[in-house]
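Asks: Chain by chain, the residues:
Protein chains: 2
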Amino acid sequence: MKVGIDAMGGDYAPLEAVKGACLAKSAFPVVELVLFGRKEDILSIAGAEGIDASVFTIIDTPEVIEMAEHPVKALVAKPQSSLSVGFQYLATHKIDAFLSAGNTGAMLVGSLQFLKTVEGLDRPCLYTGIPRIDSNPGLLLDVGANADCKPEHLSKFAILGSLLSSMMYKNNNPKVGLLNIGEESEKGNLLTKATHQLLAQNNSINFVGNVEGRDIFGDHADVIVCDGFTGNVVIKVCEGFYYRLAKRGVQDEYLDKFNFKHYGGSLVLGVNAPVIVGHGITKAETFVKMVELAVQAVDSQLTLSIQQAMKKFVENQSSVS
Amino acid sequence: MKVGIDAMGGDYAPLEAVKGACLAKSAFPVVELVLFGRKEDILSIAGAEGIDASVFTIIDTPEVIEMAEHPVKALVAKPQSSLSVGFQYLATHKIDAFLSAGNTGAMLVGSLQFLKTVEGLDRPCLYTGIPRIDSNPGLLLDVGANADCKPEHLSKFAILGSLLSSMMYKNNNPKVGLLNIGEESEKGNLLTKATHQLLAQNNSINFVGNVEGRDIFGDHADVIVCDGFTGNVVIKVCEGFYYRLAKRGVQDEYLDKFNFKHYGGSLVLGVNAPVIVGHGITKAETFVKMVELAVQAVDSQLTLSIQQAMKKFVENQSSVS
Chain A
1 MKVGIDAMGG DYAPLEAVKG ACLAKSAFPV VELVLFGRKE DILSIAGAEG
51 IDASVFTIID TPEVIEMAEH PVKALVAKPQ SSLSVGFQYL ATHKIDAFLS
101 AGNTGAMLVG SLQFLKTVEG LDRPCLYTGI PRIDSNPGLL LDVGANADCK
151 PEHLSKFAIL GSLLSSMMYK NNNPKVGLLN IGEESEKGNL LTKATHQLLA
201 QNNSINFVGN VEGRDIFGDH ADVIVCDGFT GNVVIKVCEG FYYRLAKRGV
251 QDEYLDKFNF KHYGGSLVLG VNAPVIVGHG ITKAETFVKM VELAVQAVDS
301 QLTLSIQQAM KKFVENQSSV S
Chain B
1 MKVGIDAMGG DYAPLEAVKG ACLAKSAFPV VELVLFGRKE DILSIAGAEG
51 IDASVFTIID TPEVIEMAEH PVKALVAKPQ SSLSVGFQYL ATHKIDAFLS
101 AGNTGAMLVG SLQFLKTVEG LDRPCLYTGI PRIDSNPGLL LDVGANADCK
151 PEHLSKFAIL GSLLSSMMYK NNNPKVGLLN IGEESEKGNL LTKATHQLLA
201 QNNSINFVGN VEGRDIFGDH ADVIVCDGFT GNVVIKVCEG FYYRLAKRGV
251 QDEYLDKFNF KHYGGSLVLG VNAPVIVGHG ITKAETFVKM VELAVQAVDS
301 QLTLSIQQAM KKFVENQSSV S
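Residue numbers (the numbering used here), protein chains in the order written: chain A, 1 to 321; chain B, 1 to 321.
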């Protein structure tokens, strides 16, 4: 298995990316790690940090897409960037997965341009794990890839989330909830009212109904769907709440689970190969988590599962209509 | 000044409402408290609790609107309920403000039916105080009165929130932010992108730009506007986060500020008289906070300020177009 790492992506790249790759190599010795970045920089860091760079495959890419660059323009303007070349390798099966803590917008655009969305899906989406006390994290999606969504999108995100929950936490029949402002099916805004009906008819998932904001930390649902605007606001509210308490010195095992460093980024769900985007402030240890997630996605053939599930879903839809 | 209290509203009514009214009478001896409810029940509680019921004006209302009843139907079906009669008193100026911890939907519908929205406004809205570490709470609105909003609504909510911030916290020129998923003006969903433009042109407010979910606990803005769906999700996420940590025994002064009992409900902003809705689980001490808020709204002539501000805003709009 070959996992590609964007060595230039993230606020602390390339230093933390290279250190992370070194840790990941120890954790997953049989995985071939392919680093995309300025070879000179990578070798210089390896030298300074006492890292044996010969354990990596290094693909020298002279250009770098910065965090603040316009995603579409940057990918066009910099075909020799670590991001662009990494995607080219992934699209041509020279690597099995690709990860970066760089420009999230560029990662999404690159995923769409180089890999395309899975047939039957209009858009990919991003998720976040919401810590729960007594069980594995719940998965909230979309959390920002699609600011405006239609009910059909959310119904398909529910399928993606269910497959991911099965892969990550071995949930056989994950409970799917709809983030909403009331428990009753008729509650909500135009989007959630229409989505509730679609989810109730969706045979590919185990829909358990609406989930209110206060219940996302509980066991009501293993997968919670929402539009990317709402999801993004929710995860940032949690991040802000966590951060303020942590800064005040509040110590609590559950609270600490909100520290993003425990999580290895997010797969771009719904494109035709495993792509993982990490937080811009990702450090070495978290790169290991990202590699772990990549290995899991490749090993479990998540992309194939999504392709098959979407095919089946679309066939069912046509036979009904 | 006469403040009306729905003695039958809330999960712990009439007991906690009557006990709360007693505490409020001590705190505000010059305010005449008018209790709407079953007189027999009120007197019986007063007797059992050693409360001198003669300090209240009691309006005997035989019917009760339950928490789960359909708002519109309940008000029509029960004209002799504490809620309906209370609104009649408020609409005919027999009382100066009305408060209830009962059915929020019925309180909103009653506010619209009996009092009407202020001229120039399409809809009233609800707000919540978001605790901040170094300053008074920030005001988030709308938090649930309007699940679907247009940019024009949010622009007007910004005016309501600014006036409220001035009244509650003596902010002369409160900073207004737009809850969004990026700091840059071009970020967001269709609603927030269009709203950003309107807020930037709104001369009645001090617009400071977008505020991300993680920054609602900071000093970026004193007033933050959003659609009622997003706002409702946000306050319930905060409530759930607070509740789980509190239940684990986490003690922190800032965290404790998220306990709703410190806050006296929410004014229904934008109707032609002060109406206050409380949390269903409101207990006696919090009824005192609700009375305090009512007194503040009446004393400061908040309704008049809103009427004048909306008149001016509408005039400015017509002169521009």
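Among these hints, one or two may not hold up.
If several chains are the same, the list does not tell them apart, and a pair holds so long as it fits within one copy or across any two.
[Unchecked claim] Taking lysine to aspartate or glutamate and the EDC-like style, the derived pairs with C-alpha atoms no more than 16 angstroms apart in a straight line are:
hint, residue 1, residue 2
1, K247, D215
2, K261, E152
3, K311, D122
4, K2, E32
5, K78, E239
6, K187, D148
7, K187, D299
8, K73, E239
9, K311, D148
10, K116, E63
11, K247, D134
12, K73, D11
13, K175, D60
14, K283, D122
15, K116, E49
16, K150, D41
17, K150, E66
18, K187, E69
19, K289, D215
20, K175, E315
21, K78, D11
Rather than coming from a laboratory, the hints here were simulated on the basis of the structure.
Asks: Hint by hint, say whether it matches the structure.
Replies: The hints, checked one at a time:
{"no.": "1", "hint": "K247 / D215", "verdict": "between (25 angstroms within a copy, 14 angstroms between copies)"}
{"no.": "2", "hint": "K261 / E152", "verdict": "neither (33 angstroms within a copy, 40 angstroms between copies)"}
{"no.": "3", "hint": "K311 / D122", "verdict": "within (13 angstroms within a copy, 45 angstroms between copies)"}
{"no.": "4", "hint": "K2 / E32", "verdict": "within (5 angstroms within a copy, 77 angstroms between copies)"}
{"no.": "5", "hint": "K78 / E239", "verdict": "neither (33 angstroms within a copy, 45 angstroms between copies)"}
{"no.": "6", "hint": "K187 / D148", "verdict": "between (19 angstroms within a copy, 12 angstroms between copies)"}
{"no.": "7", "hint": "K187 / D299", "verdict": "neither (41 angstroms within a copy, 36 angstroms between copies)"}
{"no.": "8", "hint": "K73 / E239", "verdict": "neither (30 angstroms within a copy, 41 angstroms between copies)"}
{"no.": "9", "hint": "K311 / D148", "verdict": "neither (24 angstroms within a copy, 33 angstroms between copies)"}
{"no.": "10", "hint": "K116 / E63", "verdict": "neither (24 angstroms within a copy, 62 angstroms between copies)"}
{"no.": "11", "hint": "K247 / D134", "verdict": "between (25 angstroms within a copy, 14 angstroms between copies)"}
{"no.": "12", "hint": "K73 / D11", "verdict": "neither (20 angstroms within a copy, 57 angstroms between copies)"}
{"no.": "13", "hint": "K175 / D60", "verdict": "neither (45 angstroms within a copy, 48 angstroms between copies)"}
{"no.": "14", "hint": "K283 / D122", "verdict": "neither (33 angstroms within a copy, 49 angstroms between copies)"}
{"no.": "15", "hint": "K116 / E49", "verdict": "neither (38 angstroms within a copy, 70 angstroms between copies)"}
{"no.": "16", "hint": "K150 / D41", "verdict": "neither (45 angstroms within a copy, 50 angstroms between copies)"}
{"no.": "17", "hint": "K150 / E66", "verdict": "neither (32 angstroms within a copy, 35 angstroms between copies)"}
{"no.": "18", "hint": "K187 / E69", "verdict": "between (40 angstroms within a copy, 14 angstroms between copies)"}
{"no.": "19", "hint": "K289 / D215", "verdict": "neither (27 angstroms within a copy, 27 angstroms between copies)"}
{"no.": "20", "hint": "K175 / E315", "verdict": "neither (23 angstroms within a copy, 52 angstroms between copies)"}
{"no.": "21", "hint": "K78 / D11", "verdict": "neither (19 angstroms within a copy, 62 angstroms between copies)"}
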